[in-house]
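Taking the hints into account, I'd like the entire structure generated from these sequences.
Number of protein chains: 2
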Amino acid sequence: MVLNIIDDICIKVAEKVTPSKEERDKIERLTKEIIFKLVNEASKENIDAEIRVDGSIAKDTWLQGEADIDVFMRVPPTLTRGDLEVKCLNIAKKAFEGYKIVERYAEHPYLETWIEETRVNIVPCFKVERGKWLSATDRTPFHTDFMKEKLNDVLKREVRILKKFMKGTGLYGAEIKIGGFSGFLCEILTLYYGSFKNVLEAASNWRKKQVIDVAGWFLGRKEEAYDLFDENLIVVDPVDKSRNAAASVFESKFWEFVSASRMFLKKPSLKFFYPPSQKILSEKEVSEKLSKANLDLLFLVFGEVDAVVDVLWGQLYKTENALKNFLKANDFKVFRSASWSDEKEVNVILFELERKNISSPKKHMGPPVEKHKESEDFLVKHLYAEDTVAGPWIERERWFVEKKRRWSDAEKLLSFYLSNNGGRSIGVASKIAEKLKKNGFQILSWIEMQKLYNNKKEFAQFISRFIDGRPIWLE
Amino acid sequence: MVLNIIDDICIKVAEKVTPSKEERDKIERLTKEIIFKLVNEASKENIDAEIRVDGSIAKDTWLQGEADIDVFMRVPPTLTRGDLEVKCLNIAKKAFEGYKIVERYAEHPYLETWIEETRVNIVPCFKVERGKWLSATDRTPFHTDFMKEKLNDVLKREVRILKKFMKGTGLYGAEIKIGGFSGFLCEILTLYYGSFKNVLEAASNWRKKQVIDVAGWFLGRKEEAYDLFDENLIVVDPVDKSRNAAASVFESKFWEFVSASRMFLKKPSLKFFYPPSQKILSEKEVSEKLSKANLDLLFLVFGEVDAVVDVLWGQLYKTENALKNFLKANDFKVFRSASWSDEKEVNVILFELERKNISSPKKHMGPPVEKHKESEDFLVKHLYAEDTVAGPWIERERWFVEKKRRWSDAEKLLSFYLSNNGGRSIGVASKIAEKLKKNGFQILSWIEMQKLYNNKKEFAQFISRFIDGRPIWLE
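Line order of the protein sequences matches chains A and B.
Residues 1 to 475, numbered by our numbering, are exactly what the first sequence covers, in order.
Residues 1001 to 1475, numbered by our numbering, are exactly what the second sequence covers, in order.
I should point out that these hints are in silico values taken from the structure, not numbers from a laboratory.
Being a predicted model, the structure only gives us computed values, none of them experimental.
A portion of the hints provided could be inaccurate.
[Unchecked claim] Computed from the model, here is a short list of chain A residues facing chain B with C-beta under 10 Å:
{"hint": "1", "residue": "Phe-254"}
{"hint": "2", "residue": "Trp-393"}
{"hint": "3", "residue": "Phe-400"}
Ideal placement from N, C-alpha and C gives every residue a C-beta, glycine not left out.
Structure (structure tokens):
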């Protein structure tokens, strides 16, 4: 019964995500134009570049209406890295003069442009032998070739369904912001397990240190993979046995996929592919939920950070984590935290605290009485100290004392340390610390955030989701 | 320099604690009268009882003005325990007809009476061979004989100084209420180390599993003592190698003596023997200190418990400890607790809480996602539960959820469980549970305790000391 439902759902999804004849024609036309322009410009500059389409367009695994055209410029490894970055980008810039061009940066720079509402990425790389990588993107053409050889039409359909499932459950995308599953990863999983349904069935039983080795690099020597890779999900890159293609999947996303797979198999639904859009709570609803739960939200807000998107998110997550640990180390109970950014002018790091104020004292454990010197030092330090509230007294074999806290207000604590060198000493990431130091920051309560809540729909969605605190596929 | 100060102090203390000629004469006269009466009455009843004085009077180690006359009635071991309890007490009752007589109970019953403002204890026991104990008090005459043989006048003086030091620092008394050092223990320590100052010098270096074996039972076989006794202070009874004469010393009191010894040797002062009387804070001062510290006090108050004093205190401490653990298990932070009793009509158990109310939710950890069945159960339980505040969500490899607490108010929590069978299920001691069940109880805040505070000076002293939270010798 359930199987038929799943098949029905797959049919419906496949129908929607398979590109139409018109879209294919358009993409083909666009691709040819782009290649022509780049080849032309490269020959003018006398650069021996192989211009080729890679990514989901090349492999025919893109989702209807969501085509990105990835064009690679493969230059001889005799060029320097500097040549690669400067010359190739110049060729691309000239080829697309008149179009809006954004310079982007992953492991190395690339260009993004938009042609007929389609995003085009132009990525330079070295044309190397397999394994002799000079830059991270040198692998991509090998990935493309590997997949083109393996994927037939049936598998392509399954890849598309899996990709859509990942999108619907919020698990799609290798970028740092998401920490989810890349398109390539979806292809490998489909190839390895044979179908969308098989992937989900396998995933619902995945364990820690799950190894997926589609090219059989570690056949019969799985232990070696464990030595090489630290992650819980190990998907050995079929063109590079020393790379985990799933290295950028966050641990939580790995387990969210496992759990979403189980849920879908148990109760299949189109909602996993087409989730309801996040309901935005009214300001009043948020306030009520917070006061009912009796929790405090604390927002660290600051402006534009001078970093490309991936670096920005890396810095946000690093800072979020450091500040959470810092608050915990100061006895504030942090239940959850999250980061939000419009990737332009506003960045927000959010902490959910049991209480923003803990004005009660701290019961502080001293040394065992047996330790003469330590006990004496403890007494000297605390007996007549102004911040001693009660004690010292002996409990069982140790000294104890009740101390007033230095920091009873989380807001003041953060303000103080963030004002000092942008919070570098408490783990704020470098570019964010720079920003805080230069342009300052705000530490706000929910009430003070309501203006942003009203002005930025995405922020309101983010907060509404945070308040629920569960993955969208669990609704 | 310090040595001379100590010697000076000892001279002053010894002068004050050595009984005067008048007191000695009075005690001697009283003792003779008491023995005469008892011998006379025993012969009337045809009981072959050896009537003798034991304790500090017999050993000449009592403190001036604080004489208790301990008279032992040693009967043949051919009598039954019942005979011992009934016949001996009847003899004593007849001998002191007309005097106020209180029946008391330690390990077995004894009588307390007051003659010329002097407390007299009449204790029946069996006249057994050493080691063939039939009741706990059978050892006492052996203790007396042992000490009488060993103590000379110099040592008696040192014993008296040590006893006074114990009294002044709140460490004197083997009764459960105190859990401190008995007079006999003070004698053993003095005998073992040779002088008051030597005892303190040794004590200031005492370690865990300190063995004091004045009779040399375990000479060269200290490890055997470790196997036999669990306590940190092991003072092998010189008349019974299987008994730790310090078994009833609380661990905290052991270490308090260690610490007080160090303090005295470092800064000798008469204050250790004659501490200032506890200053009673005004109600307003208490209120201010509490509000400044931002801590809540919670008082469990109930009436007379049907138990002799030692049993009462045992029950109070047991209940205090159980309720503290129960509060902690329900996420209330209990910094300190204490018990107070007038040993008649009012009993109080007191908890110092970070907060009486914790209305914030609880972050509840679920199973690892890897565990399929457990995860499913967790989701079924929490996903749509009314008391789920946020989540469930996945953090690293586990499920988490925010739950509303069942018990956010410590007062209500205690009330509920204490109302159910007197709190037996949460560890309230039997006789107290009986009392709570029969006559009820009150759970009160500081404000509600102010009437008792004004009416009972000792309670006010107790609270004032509790607020300071340090041993009196640390002031």
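Consistency of the hints with the structure:
Taken as an interface hint, A/Phe-254 checks out: its beta carbon lies about 8 Å from the nearest beta carbon of chain B, inside 10 Å. Nearest Cβ of chain B to the Cβ of A/Trp-393: about 5 Å, under the 10 Å cut. The hint holds. Interface hint at A/Phe-400: satisfied, since its Cβ lies 8 Å from the closest Cβ of chain B, which is below the 10 Å cut-off.
The structure is consistent with each of the numbered hints, conforming to all of them.
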